[in-house]
Amino acid sequence: MAGLERYFESPAQRRETLLGIALILPSVVLISGVVLYPIVYNVYLSFTTVPLNPNQAPTWVGLSNYVDLVTSPRFWQAFRTTLVFTVGSTVLSTLVGLGVALLFDREFRGRRLARGLVLLPHVTPIIAVAFVWQFMLSPLWGTIPNILAEWGLYSAEAGLLSRRSTALPTVIVFSAWRNFPFAFLLFVARLQAIPESMYEAARIDGAGAVAQFKDITLPELKGTIAIVVLLRFIWEFNAFAQVWLLTKQVLTLPIFAYQTAFANFEQGLGAAISLLLFVVQAMFVVGFVTLFGEDKV
Amino acid sequence: MIGQITAQVRSSLRVLRTGYRKDSRLGKLGFSLALGLTLLVSLLPFYVMLLTSLTPDGQIYSNTPSLLPNTITFSQYTVLFGSETFAFGAYFLNSAIVATVTASFSLVVGVVGAYSFTRLEFPGNGLVRRGVVVVYMLSSITVIVPLFQLIATLGIVDTRLSLFITYTVSTLPLTLYMLWNYFESLPIEIEEAALLDGYSRVETIYQVVVPLSLPILVAAFLFAFKIAWNEYIFASVFLKSQAKLTLPIGIEQMNANFQNVWGQVMAASFLTTLPIVVMFLYLEQYMVEGLTAGGVEG
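The listed protein sequences derive, respectively, from chains D and U. Each residue of the first sequence is one higher than the one before, counting from 1 in UniProt numbering. Each residue of the second sequence is one higher than the one before, counting from 1 in UniProt numbering.
For reference, chain D alone in the conformation it holds in the complex (with noise of 0.2 Å):
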């Protein structure tokens, strides 16, 4: 390691070094205790099954808890399910937050206080915003249902969050509700930058909007469109409290992991299900950092 040497050279700059590894140094133990051991304890664990009683050692059972997932139509469904709910939400935040990011791109009275009005659901407890949905769908005293029944458009007899066929596509409506917010605000930064003068080169070509939009905005929010949906859909994909507190009707992986986990006690099966999410997760980070290099990072 020749190169170390550089940072020892003098007494003064070994001084420095010394120094910035001590102050850098809590984050590094914390992380590493609180993420990094454990993402590797989970490996050992999901080759084992987890006794009750924490005093006692796990037993080795090899490759017995994924032989279990892959032959449990229950995990094939909860894959699924993990897959429609993640592109389902990514697709319709990501459209519905660039829609609105258009239309904020203009000046009009109250914009300042609507932009952070629009922000809201993205940043309230998501327990607050759970139940409320919950309250505003219940088919007997919800408000929702009520109007809707009352147009005709509707037979408010079950629950949308009750039954499943249902409660998927209201889990990602929610979803879109409360991260739209989220790609709103980069796209909004990022059509803030987008200089004035290319449209008005574009007007004198005699662009319409449409063109305007195809052939300007388009191109140059490409980066954002993507970080946005690679973002969204690690963060849907791993998504549990926002799913889980609405309904328990939509079985998706994480929520499957935290019941064989923590309702059935089977913490190895449960230790192996989040290792397959860790691995399509670390999957898309890599893909993210390769996409926009290390420098976005």
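Hint data in this document are derived by calculation from the structure and do not stem from the laboratory. Since this is a predicted model, take the numbers as computed values, not measurements. Cβ atoms here follow ideal geometry from the backbone N, Cα and C, with glycine treated the same way. It is possible that part of the hints are untrue.
Stated by the list, open to error - Derived list of chain D stretches under chain U, where covered just means 3 residues or more per stretch with a C-beta under 8 Å from a C-beta of chain U:
id, region
1, 38-44
2, 103-114
3, 121-135
4, 234-240
5, 255-262
Said to hold, decoys possible - Computed from the model, here is a short list of chain D residues facing chain U with C-beta under 7 Å:
id, residue
6, Y7
7, E16
8, T17
9, S27
10, L30
11, P54
12, F278
Chain D is fixed; fit chain U onto it per the hints.
Chain U in isolation, oriented as in the chain D frame:
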């Protein structure tokens, strides 16, 4: 060439300053309708939350739900605080303690860490920095099983300590990211002057850098506070006893253990939302930064 560049700069400055571009892609009416619809969809749930929390039980469970206020009552709130059934006050206090302690830890560890990233050279600086960002993209669900085992082995299940540690780490990547971005923008000359005056590095951090960074420190603190305040999954696994529950778990139990307590649940939800909305008034200008670093779930 120069003329082109200045024209370019001037036009982008204008857009930045006024934050708009003039166009007629949409008629005025169409625009107003679209904006109205956007605000309606975004805010309706908050309106329903507040309205329901102010409605007497008899009207909540009537057969004709309405979106207009009829009779206003504070009884849902008095029941929430006054009755023995709901330990809402305790949940609120627990959440406040956990979020404050976590955000303080995160800030102290974050300030020195971020300073080390931006001003000091040490082997592995770049690697650690990238690692921090990658860690931020990971979700709690991937570490929850091994972390629970670890917490159990350490014997700190059902303690606030388990939350202090895990929440500090959940918030640390964002704190580090926000602070190092800001520290990089500080002119290095001020610190050099301080060092020449005989300040040590550590003194420079606390007497020069920290006072210069107060707004971003407040923002980082509030972001960390918000993450801890909203967190659900760790608390649901680590906490067992009623007296220690934080708001998300407490409200969930209220809802699960009792039938038709929507009025109280909505009042509790509103009170949980309120501090975050107040903070958000301050945080709004930092949102882009906080969100691009990671749109944290929770």
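Index of numbered hints that the structure contradicts, given in increasing order | Violated: none.
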